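**Q** Using the numbering used here, the letters of the sequence shown map in sequence onto residues 1418 to 1861.
By construction, these hints were calculated from the structure, which means they are not laboratory data.
Computed from a predicted structure; not experimentally measured.
Virtual Cβ for every residue (Gly too), placed ideally from N, Cα, C.
Hints may be right or wrong, so weigh each one.
Claimed, not checked - Lysine-lysine pairs mimicking DSSO-like chemistry, simulated, CA-CA at most 27 Å apart:
hint, residue 1, residue 2
1, LYS1510, LYS1490
2, LYS1675, LYS1453
3, LYS1530, LYS1453
4, LYS1595, LYS1614
What the hints assert, rightly or not - Just the calculated beta-carbon pair ranges, DEER-fashion:
hint, residue 1, residue 2, range
5, TYR1643, TYR1454, 16 to 24 Å
6, LYS1493, LYS1770, 46 to 54 Å
7, PRO1726, ALA1519, 50 to 58 Å
8, GLU1821, ASP1778, 20 to 28 Å
9, GLY1484, ALA1519, 31 to 39 Å
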Amino acid sequence: MDANNITPREIILGILLEITENGAYSHLAIRSALDKYQYLGKQDRSFITRICEGTLERMITIDYIIGQFSTVKVSKMKPVLRGILRFSVYELKYMDSIPPSATCNEAVKLAQKKGFRSLKGFVNAVLRNIARNLDALSFPDPHSSPLDSLSITYSMPLWILELWKGSYSLLQIEEFLKAFLSPSPTTIRINPLKTSKEDLISELKADGIKVSDETGIPNALFISNYDYLGKIPAFQSGKFYVQDLSSMQVSLWAAPKKGDYVIDVCAAPGGKSIHMAELMEGSGIVEARDISPYKVSFIKENIERCQLPNIRPMVADARILEQEKIRQADIVIADLPCSGLGALGKRSDMKYKLTPQMCQDLVLLQREILHTVQQYVKPGGVLMYSTCTINPAENEENVSWFLESHPHFTLERQQQILPEEKLNDGFFLAKLLCQATGKNMPNR
């Protein structure tokens, strides 16, 4: 197929099929497609991103709507037709700027192009029926079935809501769901070794980018109204790094000193390692580790862009103890694999990939890694534990387990940050101090 003859909606369909049928991660699938079709203009690129992200965010709601107007169950449809109907319903319900007739016509044309000429009448009938009845859709009653109502209204799997209900009120849960679906600006962290806040703001504004410094964190900014992050000159030259406000707290809490030796055990793509290296003003050493060459390649890419001399990327399995590192590190950063339930606004496909068993397995993995890497912390040193989830089993309960199992550590402080609209993801962090002396200190 001639790439120049492919339409934006055809690209959208391909991306959605990669994610929903082949298990690709949404951010990688979208980025790969936009890289492949770099000749597309800003408007088309924005359209593709908006439809893909929006369809994934609202997929449970969309399937529920389709189910009210289709004689064929969504789960029984051909993947191509299911994909076309899903993103077309997203257009109909959530994008006022597109006439319903255009959405229906384009969907029929795409179905024909993909070899479903005999089913174009089905596609047309379902979409036009939905378009006519958008104001008369039926949803679960919030009073008699509150969790079902939240699940369909905000497109969240029911089991996740049931998990949260054990720790949060229905009002809090609805606030999380609103935050996940609300548009938010990109949060960036200034590299003070390369620029100042004032200079970066001026540079970004000169490139037509909207900037706000109302973040509550000195070296953080909100940016919006840009086309492609990789094309921003200030990004290319390492003057800033994209990182959520919550995530920035890890390095700020760790408070590294010049000359410290830091081990970041699950570092990809490198944001916390880079932040630590910046706070140390290029001194000391930050070992930025991760389990595979593929993951470490992202760390290397970001290090090269930011040009920090005090980071060493390396492949290492955090579960395997390295004897020569025992009691050597001033700070160990353990931002561990987690369910990601606090960051579903940025990674909405994760809510469909996760299962309750995966959450349970992650708790055990986190404990295994924590038990191993705590041994690297020298007496008087710091272990920073963090996740991007709001699941207490992975957070407060893991800290309690850790302190009981490793009494030579004490908890200085911990915080569960909840998702907030237009501000930050859900995030958890705990600062644990290794006792300088004491009978409980392991002899190694």
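**Q** What's the verdict on LYS1595 and LYS1614, does the C-alpha distance respect the 27 Å limit or exceed it?
**A** Not satisfied, since the Cα-Cα distance of roughly 31 Å exceeds 27 Å.
**Q** Tell me if the straight-line CA distance from LYS1675 to LYS1453 falls inside 27 Å.
**A** Roughly 43 Å separates the two Cα atoms, so the pair is violated.
**Q** Given the proposed pairing of LYS1530 with LYS1453, does the C-alpha separation stay at or below 27 Å?
**A** Within the cut-off at roughly 21 Å; holds.
**Q** Cβ-Cβ distance between LYS1493 and LYS1770: within 46 to 54 Å?
**A** Violated: the Cβ-Cβ distance is about 21 Å, outside 46 to 54 Å.
**Q** Range first: 31 to 39 Å. Now tell me if the beta carbons of GLY1484 and ALA1519 are that far apart.
**A** For ALA1519 against GLY1484, whose Cβ atoms are near 24 Å apart, the range 31 to 39 Å is violated.
**Q** Keeping to a limit of 27 Å between CA atoms, is the pair of LYS1510 and LYS1490 held or broken?
**A** Holds - the C-alpha atoms of LYS1490 and LYS1510 are around 20 Å apart, at most 27 Å.
**Q** Look at the Cβ atoms of PRO1726 and ALA1519 and judge whether their distance stays inside 50 to 58 Å.
**A** holds (54 Å)
**Q** Can you tell me whether the CB distance of TYR1643 to TYR1454 sits inside 16 to 24 Å?
**A** Roughly 18 Å apart at Cβ, these two residues keep to the hinted range, so it holds.
**Q** Taking 20 to 28 Å as the stated bounds, is the beta-carbon spacing between GLU1821 and ASP1778 within them?
**A** Holds - the Cβ-Cβ distance for GLU1821 and ASP1778, about 21 Å, lies within 20 to 28 Å.
The structure fails to meet hints 2, 4, 6, 9 from the earlier list, while all remaining hints are met.
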